[in-house]
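**Q** Modelling step: build the complete structure from the supplied sequences, incorporating the hints.
Under the numbering used here, the sequence shown is numbered contiguously, ending at residue 362.
It is worth saying that the hints were derived from the structure and are not from the lab. Heads up, some of the hints might be wrong.
Below, simulated DSS-like cross-link-like pairs (lysine-lysine); rule was C-alpha separation at most 30 angstroms, straight line [what the hints assert, rightly or not]:
#1 K121 / K226
#2 K200 / K226
#3 K200 / K290
#4 K290 / K218
#5 K185 / K218
#6 K226 / K290
#7 K185 / K226
#8 K218 / K228
#9 K200 / K185
#10 K290 / K228
#11 K185 / K197
#12 K191 / K226
#13 K58 / K31
#14 K228 / K191
#15 K218 / K200
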Amino acid sequence: MHGPKLSAENFEAEIAQLIREVTELNDRQEKLRSDAVREQELLTSLDHQIRMADEALKAYNSDAAWIRNGGGKPLVCPTCHAEHEKPFLDLLRFAEDARVLRELAARLRDDASTVRARCQKAFRDLATLNESYLGISRMLDTKKGELKFRDVVGGIGAESALAAFDAERQQLQGAIDEAVLAVDKLDETMKELRAIKRTKAILSDFRDFYAAGRVALKLPSIDVSKMKLAGRPDLSGSGGPRSLLAYYAAIWRTAHGSNATYDIPVVIDSPNQQAQDDINLPAVLEFIAKDLPDDIQLIVGLETSTQFPFDYELHLERKYSVLIEEEWDITYGMVEPLLQAMYANLLAQPASVTQESRASGA
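**A** The structure is reproduced here in structure tokens:
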């Protein structure tokens, strides 16, 4: 046999050394490319700002020349023809603005020069890296017996790549299988939610609640047999707000009923705003206090006191203020534990349970 004798240990060590060097070169190249792109973007931005500053200075020079040539004559508005005096202080401020703009343009140019130098250095470093890659390429072409480094490294890379692809394929297939099962389960849930029988039951509940609400709010009875959930009433006069209250109350009670999947917090802001319907106000307040679901979260804003009981009353005494600064600590002490408990409950639920509850709520 001709040629140099091979040492498996040395050959393996040389291959490992080559792999380390290529990996280091790749990491450094990636960093240099990132730096070069970032510096190039910054340089483009600085050049744009410099052009804008120069344009503003040109406009100032033109305006300043016009003001100086105008002498002591007052400025006349071309639209309303009003005359405006030219205080000297305004002219000084105008000049000061130009001075600041010039300094800004100068600083921008200095910054651009610095960034341009860094950008050029990054490109030079990339060129140096290319020389290192060429050196490694020549080394890979070196023969050791009947083999070349390039053949061995390529074989190792191919085996590693195939193994990595196979592992990734198995991982993806597992994720796909889980996703397919989850989608199938969600499809079944959606079919149950969209079942015709359930839809009819929900619509029937809504119509019954709306009809009862109209009666309780002293509104004339109407035929609700064809009313849709999206059919928001459009009634003028004093009956308008009451019909809307009956409509939304029917939605709230339906969403809170036996076919519901979630609760809805309710806020009613001033049901008798500016005392527009004092006659029917007692019926409205009684409806709010007694006919809405008992365990919903309800907030009502009233301009006057009421005889109907609510769990808690808060009297606002400062105009335009619900939360006042002096009561911040007390309010925070009340709300913070509730927030912490809510977040802890959400974090304690498994992801699958959370996703299912969201799907059911949809």
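**Q** Assess, step by step, whether the Cα of K185 is no farther than 30 angstroms from the Cα of K218, and give holds or violated.
**A** Roughly 46 angstroms separates the two Cα atoms, so the pair is violated.
**Q** When you check the alpha-carbon spacing of K218 and K200, does it fall within 30 angstroms?
**A** Roughly 27 angstroms between the alpha carbons, so the hint for K218 and K200 holds.
**Q** Under the criterion that the straight-line Cα-Cα distance not exceed 30 angstroms, is the pair K226, K290 satisfied?
**A** Distance of about 27 angstroms is within 30 angstroms: holds.
**Q** Given the hint that K200 pairs with K185, does the C-alpha gap stay at or below 30 angstroms?
**A** Holds: K200 and K185 sit about 23 angstroms apart, inside 30 angstroms.
**Q** Are the Cα atoms of K121 and K226 separated by 30 angstroms or less?
**A** Outside the cut-off at roughly 76 angstroms; violated.
**Q** Given the hinted pair K185 and K197, is their alpha-carbon gap at most 30 angstroms?
**A** 20 angstroms, holds
**Q** Given the hinted pair K58 and K31, is their alpha-carbon gap at most 30 angstroms?
**A** The hint is violated at about 41 angstroms.
**Q** Hey, K191 versus K226, does the alpha-carbon distance stay inside 30 angstroms?
**A** 24 angstroms, holds
**Q** Tell me if the straight-line CA distance from K200 to K226 falls inside 30 angstroms.
**A** 12 angstroms, holds
**Q** Next pair to validate is K200 with K290; report whether the Cα-Cα distance is within 30 angstroms.
**A** 27 angstroms, holds
**Q** Hinted pair, alpha-carbon criterion (30 angstroms max): K228, K191. Please report holds or violated.
**A** Holds: K228 and K191 sit about 21 angstroms apart, inside 30 angstroms.
**Q** Are the Cα positions of K290 and K228 separated by 30 angstroms at most?
**A** 25 angstroms, holds
In terms of the numbered hints stated before, the structure departs from hints 1, 5, 7, 13, listed from lowest to highest.
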